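Q: Protein sequences appear in the order of chains A, B, C, D, E and F. 113 is the number of the first residue of the first sequence in the numbering used here; add one for each residue after it. 113 is the number of the first residue of the second sequence in the numbering used here; add one for each residue after it. 113 is the number of the first residue of the third sequence in the numbering used here; add one for each residue after it. 113 is the number of the first residue of the fourth sequence in the numbering used here; add one for each residue after it. 113 is the number of the first residue of the fifth sequence in the numbering used here; add one for each residue after it. 113 is the number of the first residue of the sixth sequence in the numbering used here; add one for each residue after it.
If you're looking for bench data, these hints aren't it; they were derived computationally from the structure. Do not take every clue at face value.
For identical chains, the list gives no copy identity; a pair is met inside one copy or between any two copies.
Unchecked claim - Derived EDC-like pairs: lysine to aspartate or glutamate, alpha-carbon spacing no greater than 20 Å straight-line:
{"hint": "1", "residue 1": "K259", "residue 2": "E209"}
{"hint": "2", "residue 1": "K172", "residue 2": "D412"}
{"hint": "3", "residue 1": "K219", "residue 2": "E246"}
{"hint": "4", "residue 1": "K251", "residue 2": "D218"}
{"hint": "5", "residue 1": "K350", "residue 2": "E227"}
{"hint": "6", "residue 1": "K259", "residue 2": "D128"}
Bear in mind the structure is a predicted one, so any value in this text is a computation, not a measurement.
There are 6 protein chains.
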Amino acid sequence: MAHKFINEIEPGETIDDIYMVREPILRSTTRGDLYIAMFLSDRTGQSNGRMWQATEVIYKALPKPGFVHVQGRSELYQNNLQIIINNISVVDAEKVEVDDFLAKTDKDTDKMFDEVKKTVGLIRNPQLKALAGEFLADKELMEKFCKAPGGTALHHNYIGGLLEHTHNMLQVALAILPLYPDVQSDLVLTGIFLHDMGKTEELSYDMAFSYTDSGQLIGHIVKTVLMVNQKADALKAKGTQIDQTILDALCHIILSHHGAYEFGSPKLPATPEAFMVYFIDDLDAKLNQVTMAIENEPGDSNWTAWKNALQTRLYRKQIE
Amino acid sequence: MAHKFINEIEPGETIDDIYMVREPILRSTTRGDLYIAMFLSDRTGQSNGRMWQATEVIYKALPKPGFVHVQGRSELYQNNLQIIINNISVVDAEKVEVDDFLAKTDKDTDKMFDEVKKTVGLIRNPQLKALAGEFLADKELMEKFCKAPGGTALHHNYIGGLLEHTHNMLQVALAILPLYPDVQSDLVLTGIFLHDMGKTEELSYDMAFSYTDSGQLIGHIVKTVLMVNQKADALKAKGTQIDQTILDALCHIILSHHGAYEFGSPKLPATPEAFMVYFIDDLDAKLNQVTMAIENEPGDSNWTAWKNALQTRLYRKQIE
Amino acid sequence: MAHKFINEIEPGETIDDIYMVREPILRSTTRGDLYIAMFLSDRTGQSNGRMWQATEVIYKALPKPGFVHVQGRSELYQNNLQIIINNISVVDAEKVEVDDFLAKTDKDTDKMFDEVKKTVGLIRNPQLKALAGEFLADKELMEKFCKAPGGTALHHNYIGGLLEHTHNMLQVALAILPLYPDVQSDLVLTGIFLHDMGKTEELSYDMAFSYTDSGQLIGHIVKTVLMVNQKADALKAKGTQIDQTILDALCHIILSHHGAYEFGSPKLPATPEAFMVYFIDDLDAKLNQVTMAIENEPGDSNWTAWKNALQTRLYRKQIE
Amino acid sequence: MAHKFINEIEPGETIDDIYMVREPILRSTTRGDLYIAMFLSDRTGQSNGRMWQATEVIYKALPKPGFVHVQGRSELYQNNLQIIINNISVVDAEKVEVDDFLAKTDKDTDKMFDEVKKTVGLIRNPQLKALAGEFLADKELMEKFCKAPGGTALHHNYIGGLLEHTHNMLQVALAILPLYPDVQSDLVLTGIFLHDMGKTEELSYDMAFSYTDSGQLIGHIVKTVLMVNQKADALKAKGTQIDQTILDALCHIILSHHGAYEFGSPKLPATPEAFMVYFIDDLDAKLNQVTMAIENEPGDSNWTAWKNALQTRLYRKQIE
Amino acid sequence: MAHKFINEIEPGETIDDIYMVREPILRSTTRGDLYIAMFLSDRTGQSNGRMWQATEVIYKALPKPGFVHVQGRSELYQNNLQIIINNISVVDAEKVEVDDFLAKTDKDTDKMFDEVKKTVGLIRNPQLKALAGEFLADKELMEKFCKAPGGTALHHNYIGGLLEHTHNMLQVALAILPLYPDVQSDLVLTGIFLHDMGKTEELSYDMAFSYTDSGQLIGHIVKTVLMVNQKADALKAKGTQIDQTILDALCHIILSHHGAYEFGSPKLPATPEAFMVYFIDDLDAKLNQVTMAIENEPGDSNWTAWKNALQTRLYRKQIE
Amino acid sequence: MAHKFINEIEPGETIDDIYMVREPILRSTTRGDLYIAMFLSDRTGQSNGRMWQATEVIYKALPKPGFVHVQGRSELYQNNLQIIINNISVVDAEKVEVDDFLAKTDKDTDKMFDEVKKTVGLIRNPQLKALAGEFLADKELMEKFCKAPGGTALHHNYIGGLLEHTHNMLQVALAILPLYPDVQSDLVLTGIFLHDMGKTEELSYDMAFSYTDSGQLIGHIVKTVLMVNQKADALKAKGTQIDQTILDALCHIILSHHGAYEFGSPKLPATPEAFMVYFIDDLDAKLNQVTMAIENEPGDSNWTAWKNALQTRLYRKQIE
């Protein structure tokens with residue numbers, strides 16, 4: 113049976129479906145009866161849930177967070193949808209269609225990955241080609257690469273976001289590299305393909321987007337450089353030596369691609385290629401962030417709420 | 113007679129040509145004889161000049177700076193070329209071929225301006241089209257636009273630099289706008305075409321590149337906004353009204369295109385179009401700055417000297 | 113009938129008057145009855161309002177924000193005044209005495225404006241005199257100038273605040289200019305008179321204080337410079353030419369009067385006059401902000417709450 | 113015999129007078145003869161001095177820096193005045209008219225100090241009056257107060273500069289206090305009178321302006337607070353107790369009068385009085401700095417050289 | 113009768129004890145009955161308190177904050193302990209065992225103070241020895257020194273915290289001084305002993321930790337310097353002169369021990385001793401802050417909540 | 113024959129020894145004769161060298177920089193030692209005793225390394241012990257570790273500086289770890305031992321101290337993390353697995369040990385161990401920097417020159 117998405121529920125419907133439950137709390141009314149308040153969500157949004165006549169036993173059994181099967185009905189409360197729960201039971205995360213619960217790119221993942229591979233195929237320098245190939249040949253890693261989000265909060269924060277961001281950056285690079293003939297395209301293309309690869313290890317995205325312990329302690333920038341060196345070591349074991357000069361130029365692009373110390377880059381861009389990758393990354397990330405913020409702003413005001421990361425509100429009135 | 117360029121002079125040649133003289137100073141040798149030390153330059157470089165047996169009268173007659181006719185010979189002194197002057201006389205600036213003395217873009221100015229016009233021709237919004245057209249119709253301004261440098265020091269600092277920079281930005285925009293369908297292309301194209309127009313008034317570039325008084329007091333960003341408003345007023349007088357909403361969206365792009373308060377933008381980008389113009393401007397300016405710094409670095413070190421504006425030295429060893 | 117101001121209502125009174133309503137929300141009690149919570153305000157303060165036995169129809173009819181006629185009674189609830197509403201009906205904003213609802217300077221507007229005109233009359237430079245006169249002759253603008261607030265939040269944030277701030281700055285300038293004979297008083301007086309004129313367009317202040325779209329995209333600093341140039345163009349059309357040198361010196365004062373890039377000035381002060389206007393502006397704004405914060409702090413603590421814009425709490429115990 | 117000031121010497125004069133000598137160095141010509149190069153200065157400027165046919169014995173006897181009696185002649189060398197020395201002998205600093213050698217306020221010191229005393233006489237709070245009086249009664253300190261410079265480099269850097277700065281600030285305060293009735297004038301006047309008193313200990317100004325060891329380790333701000341507390345202790349010993357509340361409010365003004373942590377204030381302004389003193393100090397210091405920089409700029413350019421402390425060049429063209 | 117500590121109360125117990133009450137507020141239920149909500153606390157934690165069937169008379173009698181005798185019972189509400197109050201009466205703060213209510217160091221105060229005295233006894237320079245001795249001889253001050261907290265929020269924020277912090281810093285200094293023979297140990301030991309002495313006046317810690325008025329206006333750094341100078345004056349009156357050089361070196365350590373202007377140090381470290389004291393202070397404060405934050409974090413996550421002062425979350429998983 | 117050190121040469125000696133030559137330039141006297149000016153140096157200092165009657169052939173043969181055999185004599189010129197060169201010939205760098213030319217720690221390298229090994233031997237965690245052991249077993253690396261400088265400019269910038277710095281930090285850690293029982297000593301000791309290991313690759317120190325290309329592109333922080341991972345991979349290949357948790361905690365210490373983004377740390381300290389290593393590193397580096405700056409300051413002023421990295425001059429007068 114198809115999942116009933118949160119943003120499709122009308123007031124007055126019967127509910128009998130699986131949702132993610134977050135932050136359940138046990139409360140009592142002023143008359144002393146216990147009830148449980150919680151959030152129920154899937155990838156399309158979230159709703160308040162209320163279970164009246166609850167008990168501590170029920171409360172303690174709830175995952176925090178996790179998946180539950182909910183039976184009840186929907187109603188309108190203070191102009192917002194609310195789900196009144198009659199029965200609630202825990203559901204094993206493995207039995208859940210995770211795509212229903214995590215936001216996902218609305219672009220075609222397979223097509224994007226094909227285009228990424230095609231673009232990587234344009235690299236002519238044999239060593240960079242071999243290195244990129246070693247990554248492409250790592251099935252497990254490429255699966256994660258196609259699934260990981262681009263971040264937890266600011267931009268491309270959905271399943272497939274890392275791929276979408278990388279794919280878009282490669283398209284931008286292909287479009288503008290002819291305008292800058294002094295910039296070495298092989299380094300730019302390899303640098304873009306790999307620049308955020310460490311996010312596959314920095315982020316966890318099984319049930320919600322968060323950082324792994326390792327991700328928080330080391331960060332995706334250094335993790336990516338470690339992966340590049342491990343692949344280079346693996347290639348060397350197979351007889352293909354990557355020159356230190358090439359490895360340094362590539363790792364410098366990765367280390368400096370945030371463009372400033374305060375954004376976690378331990379090195380500032382010092383080559384034309386590093387500058388280009390930094391600018392394309394910033395352009396693509398910010399435009400995704402800005403257009404998503406504008407799209408997701410509720411109401412019809414000309415301005416979004418204040419965006420702290422951008423130090424401004426955004427204006428969304430179109431001309432014409 | 114063709115000008116003998118500084119970078120073509122070999123030691124031991126007879127010199128009989130016009131050069132720009134800068135910073136002449138009267139000195140005396142330890143034996144008490146007076147001589148004049150000066151720099152002689154044209155757009156290809158500069159050389160030390162020495163006039164032995166000089167007098168205060170000769171010294172006082174020299175322009176500081178200005179053009180002089182020099183007769184003498186070249187020699188090698190401490191591995192550098194030096195010009196020993198026998199006769200020196202002042203030359204009227206109006207009789208000088210200014211192109212010989214100011215660095216100039218090595219791209220084809222006419223072709224670039226044609227492409228700019230063609231790109232501006234793609235604007236469909238009638239009001240923006242009219243506004244851009246009003247600028248294109250201003251012959252005197254367009255002449256300055258094709259001649260002005262893009263800056264005095266950091267990037268595109270040569271005759272035609274403003275045009276080259278604007279042209280390049282338009283090419284980048286055309287290449288990437290299809291990848292960002294939510295961004296309004298008419299605003300981006302008009303914004304790029306006009307973004308630095310005030311530099312025609314901010315900078316003087318007759319004999320050397322410097323700031324006008326007005327340029328230093330007001331700055332090219334506000335000057336550009338004033339020009340846009342004056343053109344809109346002129347259009348209005350002719351019966352074409354530019355909506356305040358369109359004018360605001362356009363002027364916002366101009367005001368915010370430096371991307372940060374500390375770089376003189378009184379507003380931070382708050383629309384997708386403002387973000388895109390800011391990124392393309394920064395990308396094109398920095399890549400010009402980086403590749404020129406790499407090209408102009410003397411010697412064969414892998415690294416340039418420290419670049420303060422970039423807070424790094426630049427690495428220029430190519431892979432392969 | 114005179115308006116009953118919020119800060120004059122005692123518990124237990126019958127209420128039958130017009131108030132501004134903000135942020136109404138529909139809630140339900142634990143027993144399921146609907147009620148509406150809202151804020152009712154006028155320029156003297158605000159109170160909670162509660163309408164029990166409400167319906168969604170009533171809720172939907174309420175302006176958010178806007179004016180309403182309220183019938184009910186006042187009571188004390190948790191030591192705060194609360195208004196229990198029996199009937200509520202929408203009132204057309206045009207029928208409302210707006211002065212009752214927006215905070216207003218407690219100084220005499222006419223007298224202040226007269227003194228401003230008298231001070232402007234002291235300007236001797238004929239061009240600056242003409243330019244200031246052109247502003248004074250713009251009736252519509254001068255009406256806004258006398259009515260606009262000085263800001264939305266930090267200082268002089270009340271009707272007439274812009275006039276009060278400008279008036280006070282002129283008084284300070286008159287008092288200290290004799291102590292600094294090297295500072296050109298005509299530029300200082302004209303600069304102060306005009307420095308925030310763009311706030312008449314940046315801010316809206318019909319029902320509450322906020323920014324206009326144009327104000328947020330362009331900012332009052334650049335708007336002021338545009339107004340000065342438009343007045344100069346108008347004068348020119350009438351045969352009075354303002355020298356570019358004078359226009360630049362004046363606009364430089366306006367552009368730099370926030371004193372630092374991070375406060376939105378695209379130029380830093382570079383003339384004695386610009387420094388003086390910047391200091392007088394900062395002095396008057398900060399002293400207004402500080403004394404208002406001290407006055408408005410509830411309770412009798414020696415210290416106000418933390419003031420983020422000043423990075424400190426304020427101490428208000430008087431000596432003696 | 114009246115001192116022949118440096119800025120009055122014409123080329124070709126016989127020199128027989130006392131000057132301050134700084135940075136003498138022993139050099140040899142390319143033919144191996146020894147000579148001494150040095151700077152000779154008084155309060156009106158400095159000139160190069162050259163003693164040909166010098167010896168190491170003469171060189172070693174020269175003070176570095178100190179006063180010397182110079183006999184020789186003036187000449188023009190590379191358009192600058194130079195003094196050729198035949199005889200040079202050391203002069204005891206105590207026998208020198210120090211006023212000839214240190215720049216000095218061009219205002220009347222006695223008159224300024226009288227006005228300071230008169231202004232301090234306006235303080236009505238008996239405790240602040242007593243405290244200020246204790247300072248005025250300290251003859252030795254008041255002598256230093258009238259003689260000390262206001263700083264070593266940026267503003268009021270001449271003998272009498274501290275008095276001139278304090279006097280000017282008091283005049284500004286008297287002029288604007290009536291416009292800010294909520295500000296306690298007694299605290300402001302006492303605060304201004306004392307705010308930089310510690311500079312009498314922070315700076316040394318016998319032969320040139322520099323910092324004392326104690327001044328560099330502690331700073332004039334904390335030194336001033338220590339002086340205030342010692343005077344209060346002295347008053348207490350005589351039976352006049354200064355309330356801690358008053359002492360705290362006064363010392364807070366002194367501690368916060370630089371207005372920002374990065375300028376050495378350990379506390380930010382937190383009272384209206386502290387804000388007013390901070391603004392008046394900054395206004396008077398910056399206007400002195402700006403007008404002196406403009407006045408002292410050589411040449412006739414519209415712009416001064418870059419002023420690092422102000423992050424701009426200064427524009428000095430007058431209107432009209 | 114021993115105090116029943118908050119963290120020892122189980123649900124369902126009878127309560128009859130003294131607690132500190134904070135932030136009582138009078139509320140009404142949806143049925144209109146009045147009740148009082150409040151926090152009850154001692155040094156081990158805090159609990160919600162509810163008094164149903166309350167009156168305004170009872171509410172007004174409650175101290176805000178202060179001590180109360182509470183009779184009632186404990187219960188579990190929403191998984192948190194809550195105290196239902198039947199009777200509540202005010203208790204005189206002087207009759208209360210304050211140690212029960214303020215967090216306190218878990219180290220032995222007497223032993224730490226003995227070790228501080230012993231360490232101070234190692235100072236060999238007779239003047240520094242005399243100065244430290246003058247502090248040790250001030251019984252009243254030493255009592256405060258042993259009782260004051262080290263701060264209000266970030267580190268050592270408990271009774272005895274100042275002593276614990278000073279004691280620990282002295283132990284660190286003793287351990288590492290032998291490794292840095294160029295650092296003058298007498299200055300370091302005296303500097304550490306006295307560095308935060310002004311906190312005895314900056315902070316109040318009778319019933320809760322807060323700043324005194326004087327503390328907020330002046331700050332503990334300057335207060336400490338004032339105390340040192342007053343002790344030196346007192347010694348001088350008794351015939352022991354402290355050289356200005358020694359006083360300056362010591363006060364410089366105190367003034368610069370926060371290491372940066374933005375942390376309230378009006379001077380940056382300029383001696384090896386000042387650097388060492390600054391580093392030991394920062395090391396001990398941060399390690400206390402970090403380990404306390406880790407210890408006090410509820411739940412069993414590997415990470416604490418975001419710590420703004422450290423700009424990170426803290427990781428607390430142990431290896432092995 | 114023992115090397116004659118620069119700082120031992122008296123005027124008037126015959127010179128016949130090897131020195132490093134830097135920045136030779138060919139000049140001509142005013143009479144047109146060619147001569148070569150250069151610096152001659154060894155680890156004790158440098159001297160001007162002059163070769164009169166030089167030729168372009170001689171000049172071109174000189175290494176820039178490199179080693180030369182110099183024959184000539186010393187003389188005093190302008191109070192400085194100068195070497196007049198009669199013959200000069202190039203010397204192969206391999207035949208030179210490099211210790212004579214590079215500054216070197218004055219501590220016993222063997223003894224320090226023994227103590228480092230002993231301290232590392234105290235690590236009890238078997239995985240950290242194995243990892244540290246893997247580094248100790250790498251002979252070639254340990255040789256570099258004992259020879260590399262601690263930096264190029266600010267601190268420990270001499271042969272053996274890296275070892276001395278690491279050794280000192282370990283001693284400090286051993287001394288203070290008992291005072292902080294919550295800090296895991298094994299992580300601290302391993303972290304200190306390895307924290308700067310990448311400097312062996314970041315710096316080159318054959319003839320002078322500089323950065324390698326790879327060092328400038330990647331930096332020693334990331335290089336160290338790469339080395340740790342490669343050693344862990346090597347151990348794994350031998351059957352000893354290092355847990356990811358342990359590797360992350362260790363690498364986090366290394367990545368965050370500069371304590372701030374602007375100093376090149378891509379992560380801020382987030383564990384007690386990371387804080388401790390950061391503080392000990394900063395303490396030891398700054399105290400080395402401060403005491404060396406004080407020691408090396410020429411003259412007998414109480415103050416050193418301005419130290420930009422510390423934003424102060426340093427005071428070096430000792431008490432007593």
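Q: Name the hints, by number, that the structure is in violation of.
A: 3, 4, 5, 6
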